[in-house]
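Chemist: Protein sequence lines correspond, in order, to chains Y and B.
If you count the first sequence from 1, position 104 lands on 104 in the numbering used here, and the numbers rise without skipping.
In the numbering used here, each residue's number is its place in the second sequence (first place is 1) plus 119.
Hints were generated in silico from the structure; no laboratory data involved.
Hints are not guaranteed to be accurate.
[As the list claims (entries may be wrong)] Facing chain B, a subset of chain Y residues (Cβ under 10 Å, in silico):
#: 1; residue: Lys20
#: 2; residue: Phe34
#: 3; residue: Tyr36
#: 4; residue: Gln38
#: 5; residue: Lys41
#: 6; residue: Leu74
#: 7; residue: Arg115
#: 8; residue: Leu116
Note that CB positions come from ideal geometry on N, CA and C, so glycine has one too.
As a plain string of letters, each chain reads:
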Amino acid sequence: GAVVSQHPSWVICKSGTSVKIECRSLDFQATTMFWYRQFPKQSLMLMATSNEGSKATYEQGVEKDKFLINHASLTLSTLTVTSAHPEDSSFYICSARDALGRASSYEQYFGPGTRLTVT
Amino acid sequence: RKEVEQDPGPFNVPEGATVAFNCTYSNSASQSFFWYRQDCRKEPKLLMSVYSSGNEDGRFTAQLNRASQYISLLIRDSKLSDSATYLCVVNGGSSNTGKLIFGQGTTLQVKP
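Go ahead and model the full structure; you've got the sequences and the hints to work with.
Modeler: Now the structure itself:
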């Protein structure tokens with residue numbers, strides 16, 4: 001149980017185009033999903049917290065107009081990188097909390113990640 | 120100062136060795152602590168939660184010292200398959216946002 005999928009697993013796009021990444025919880029409902037970015041040899045950095053039915057909460061320094069997040073259902077959140085540039089090339093990982101989990105539980109289930117390369 | 124600090128390593132050890140990783144965190148309000156394992160170009164996977172009383176799972180032992188804001192992971196009888204990056208993870212403060220803060224990770228290479 002507790003499987004999170006991401007699609008696509010890798011994508012190459014041209015500078016200036018937009019890319020949408022999907023994050024799905026396959027066997028549980030997730031009121032909260034998280035989007036992270038990881039550059040080579042660095043740790044995961046939280047970009048935003050995606051809340052079902054409401055606006056996402058972005059971390060300091062993350063442009064909300066560039067990284068559009070939609071969490072329209074309890075099993076799907078999407079991240080759209082708009083007008084992508086080479087510096088946006090990174091490993092994007094989502095995670096989800098089980099909506100029925102204990103309030104005190106911080107365990108997150110991670111998707112397999114999406115490797116974005118912008119040329 | 121980083122919120123979660125780890126020695127990035129790499130730690131190069133022979134098979135069968137015992138190796139210990141340390142981690143410090145800055146937010147005294149943090150309540151939940153984890154060790155995750157990340158293989159190259161893969162997502163992090165939960166290795167174990169860390170409890171105040173310390174906990175053990177097979178060859179892995181985790182310890183938490185709240186007073187010193189220090190977390191450790193001990194791996195006994197290292198296997199080649201233990202080679203990975205180990206991430207120290209702490210929840211982001213006392214609010215129930217579920218936010219996790221990741222350390223930079225410590226890289227372990229187990230050699231035959």
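Chemist: All hints, please: hold or fail.
Modeler: Status of each hint after checking the structure:
1. Lys20: This interface hint is violated because 19 Å lies over the 10 Å limit.
2. Phe34: holds, 7 Å
3. Tyr36: Where the cut-off is 10 Å and the nearest Cβ of chain B is about 8 Å from Tyr36 of chain Y, the hint holds.
4. Gln38: holds, 9 Å
5. Lys41: Holds, because the Cβ-Cβ distance from Lys41 of chain Y to chain B comes to roughly 8 Å (cut-off 10 Å).
6. Leu74: At 15 Å from the nearest chain B Cβ, Leu74 of chain Y fails the 10 Å test, so the hint is violated.
7. Arg115: Result: holds, 7 Å to nearest chain B Cβ.
8. Leu116: It is violated, given that the least Cβ distance between Leu116 of chain Y and chain B is near 13 Å, above 10 Å.
Hint check: violations occur at hints 1, 6, 8; the rest are consistent with the structure.
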